[in-house]
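For this one, chain L is given, so just place chain P on it according to the hints.
2 protein chains.
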Amino acid sequence: MPTRSREIQLAARPHGEPKESDFRLVEVEVPDPGPGEILIRNTWMSVDPYMRGRMSDRKSYVPPFAVGAPLEGGAVGEVVASESEDRQVGDTVTHQLGWREYVVMPAAHTRKVDVDGISPSAHLGVLGMPGLTAYAGLLDVGGLKDGDVVFVSGAAGAVGSLVGQLAKLRGHTVIGSAGSAAKVAHLLDDLGFDAAFNYKDGPVADALAAAAPDGIDLFFDNVGGEHLEAAIGALNDHGRVALCGAISGYNATEPPPGPTNMFLIVGKRLTLRGFIVRDHATRRPDMVAEVVPALRDGRITFRETVVEGLENAPAAFRGLLRGENTGKMVVKIG
Amino acid sequence: MPTRSREIQLAARPHGEPKESDFRLVEVEVPDPGPGEILIRNTWMSVDPYMRGRMSDRKSYVPPFAVGAPLEGGAVGEVVASESEDRQVGDTVTHQLGWREYVVMPAAHTRKVDVDGISPSAHLGVLGMPGLTAYAGLLDVGGLKDGDVVFVSGAAGAVGSLVGQLAKLRGHTVIGSAGSAAKVAHLLDDLGFDAAFNYKDGPVADALAAAAPDGIDLFFDNVGGEHLEAAIGALNDHGRVALCGAISGYNATEPPPGPTNMFLIVGKRLTLRGFIVRDHATRRPDMVAEVVPALRDGRITFRETVVEGLENAPAAFRGLLRGENTGKMVVKIG
Numbered sequence: 563m564p565t566r567s568r569e570i571q572l573a574a575r576p577h578g579e580p581k582e583s584d585f586r587l588v589e590v591e592v593p594d595p596g597p598g599e600i601l602i603r604n605t606w607m608s609v610d611p612y613m614r615g616r617m618s619d620r621k622s623y624v625p626p627f628a629v630g631a632p633l634e635g636g637a638v639g640e641v642v643a644s645e646s647e648d649r650q651v652g653d654t655v656t657h658q659l660g661w662r663e664y665v666v667m668p669a670a671h672t673r674k675v676d677v678d679g680i681s682p683s684a685h686l687g688v689l690g691m692p693g694l695t696a697y698a699g700l701l702d703v704g705g706l707k708d709g710d711v712v713f714v715s716g717a718a719g720a721v722g723s724l725v726g727q728l729a730k731l732r733g734h735t736v737i738g739s740a741g742s743a744a745k746v747a748h749l750l751d752d753l754g755f756d757a758a759f760n761y762k763d764g765p766v767a768d769a770l771a772a773a774a775p776d777g778i779d780l781f782f783d784n785v786g787g788e789h790l791e792a793a794i795g796a797l798n799d800h801g802r803v804a805l806c807g808a809i810s811g812y813n814a815t816e817p818p819p820g821p822t823n824m825f826l827i828v829g830k831r832l833t834l835r836g837f838i839v840r841d842h843a844t845r846r847p848d849m850v851a852e853v854v855p856a857l858r859d860g861r862i863t864f865r866e867t868v869v870e871g872l873e874n875a876p877a878a879f880r881g882l883l884r885g886e887n888t889g890k891m892v893v894k895i896g
Numbered sequence: 563m564p565t566r567s568r569e570i571q572l573a574a575r576p577h578g579e580p581k582e583s584d585f586r587l588v589e590v591e592v593p594d595p596g597p598g599e600i601l602i603r604n605t606w607m608s609v610d611p612y613m614r615g616r617m618s619d620r621k622s623y624v625p626p627f628a629v630g631a632p633l634e635g636g637a638v639g640e641v642v643a644s645e646s647e648d649r650q651v652g653d654t655v656t657h658q659l660g661w662r663e664y665v666v667m668p669a670a671h672t673r674k675v676d677v678d679g680i681s682p683s684a685h686l687g688v689l690g691m692p693g694l695t696a697y698a699g700l701l702d703v704g705g706l707k708d709g710d711v712v713f714v715s716g717a718a719g720a721v722g723s724l725v726g727q728l729a730k731l732r733g734h735t736v737i738g739s740a741g742s743a744a745k746v747a748h749l750l751d752d753l754g755f756d757a758a759f760n761y762k763d764g765p766v767a768d769a770l771a772a773a774a775p776d777g778i779d780l781f782f783d784n785v786g787g788e789h790l791e792a793a794i795g796a797l798n799d800h801g802r803v804a805l806c807g808a809i810s811g812y813n814a815t816e817p818p819p820g821p822t823n824m825f826l827i828v829g830k831r832l833t834l835r836g837f838i839v840r841d842h843a844t845r846r847p848d849m850v851a852e853v854v855p856a857l858r859d860g861r862i863t864f865r866e867t868v869v870e871g872l873e874n875a876p877a878a879f880r881g882l883l884r885g886e887n888t889g890k891m892v893v894k895i896g
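Protein chains in written order, with the numbering used here: chain L, 563 to 896; chain P, 563 to 896.
Note that these hints are calculated values from the structure, not bench results.
Do not take every clue at face value.
Treat identical chains as interchangeable: a pair holds within one or across any two.
Straight-line C-alpha distance at most 30 Å; calculated DSS-like pairs for lysine-lysine [stated by the list, open to error]: (1) LYS830 / LYS707; (2) LYS894 / LYS707; (3) LYS894 / LYS674; (4) LYS581 / LYS894.
Chain L with its partners taken away, still in its complex shape:
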């Protein structure tokens, strides 16, 4: 018997900042699972900055969302019917078909996750895609090494807050930027950052120079734009940049200007390296092996900004792009 479900579809491609009218809540019927498939009731879904890129009709590393089709993204759910020997009713799984209440999909496209003492939503954040992004970006792409002074932009976000904590656990000096005084206090008081500043208070270059008088060695960038230019200016010789994202430009309607100090990349022998997390899937076991024990004994903590109700997922996403989250922005469904 088909299941009634609600889903969020892309109604129109956003121009600039997404509007409520770019999204549409639709009721649909979800079929029963076929052989090898499972029916999942989603309990949590993720909104992530990268989704903004998929809403535009632009060639990229993932195809754009289709107008009139449901959006996609990370989700956690409970198996409510199974035609697969690998998943039992009651199992908690993660998968990539969020933005909807129910979904039928091959069991093989899901991952069963441990929720013993771990909140299911953590698998969308610190133990999920953002967690792996932070881990691989800092260690493999950024090549963190002894003595590095680390700067992370968007440091109070899902990725940035773990980057900072992973670096602190390794004994590094860590500087973070965020977009409010409350977030800055969170970085300093809760996450143990050595220095942090509100990038809205003045030029990023000035704040960074004050926070890092001897310069920085590794920049983990989630923001782009002015942050990247300031970091290129502050990086020491042989410094490295892990380019994870550039949220400052995601709603731009004109190409944002690039750093005006690119010439410094030569003289300082800097390396800038872009990455996307799916190239680093083999590092997931290493990340889990470090982060799970650290979560259990409190050496790593995380915050979530929880929005209730599938119908509010577009508002959550819009708020994410405005920086309304501290830590991971998640939507609780049903």
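Leaving out everything else, chain P in the frame of chain L:
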């Protein structure tokens, strides 16, 4: 008995494009060599784009030239007096105190070079700093690997022309940009490039797209600015950029705008790496071992643009920044 010599001093720091009045020809006395020193009569001197940076009063990887002091730079000369057991009168040496007719310096600060069948000036170009720059930049910084389509900007210059030939010898498809139809013909007809275009004929992005319909994998950049933006657009996934220089901006009086497509670095997982040749001195023997035999049997060729007379060195340097050279720009002294 002191030797009368002429030298070029920096008379004023250039603002924008250097003027003749920023340089001054001065007659000085050069003392006799002391213990361990040699007196050298310079026969050739180099003008190189990086010297423009040293004429500005800006913190960089080499200290700025001093106003009122002689300029410095690569030179080849003949030993005319020696107080060192390591150098004989008649030896040909290279050193870093060009822009003058005679110089006394410690023998240990010079390198004796082979001029058997090799023109002395080649040690300022294909076998000198530009040669090592091309070799290390292409192989080590750019990480040339099988199947790479290579794009080099300023391809008719001292560095670019060797980058292209080294890549061709390894079987790669090589595309070059240059600033005149004659240079483009030189790349295609003399150096074996697969494609080349005059960047003054239209947008670099359009010319590059036409020359590399399947994109590029490695960009060796001597020019910066529009070239870098076009290359970021044309690079395939996991592409690499060896940032050697950015001559397009060396005379800029305002910070040149950066690439507006930096976001592509993330999605394509690009790596941009700046370098300076002095970090790669250990690769000199490898470069010499490859290039000398290739020069002797004609698999590598090089051009020089020769300006006669020390007094014309400022004009040579100014012409270099305007792209008036094909191959290495050198000044013949005395």
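These are the hints, each one checked on the structure:
For a Cα distance limit of 30 Å, the shortest separation of LYS830 from LYS707 qualifies both inside one copy, at 17 Å, and across copies, at 25 Å. Neither within a single protomer nor between protomers do LYS894 and LYS707 lie at most 30 Å apart by alpha-carbon distance, with minima of 38 Å and 48 Å respectively. Taking the shortest alpha-carbon separations for LYS894 and LYS674, only the intra-copy value of 19 Å comes in at or below 30 Å, while the best inter-copy value is 74 Å. Taking the closest pair of Cα atoms, LYS581 and LYS894 come within 30 Å of each other only inside a single copy of the chain (21 Å); across copies the shortest separation is 67 Å, beyond that limit.
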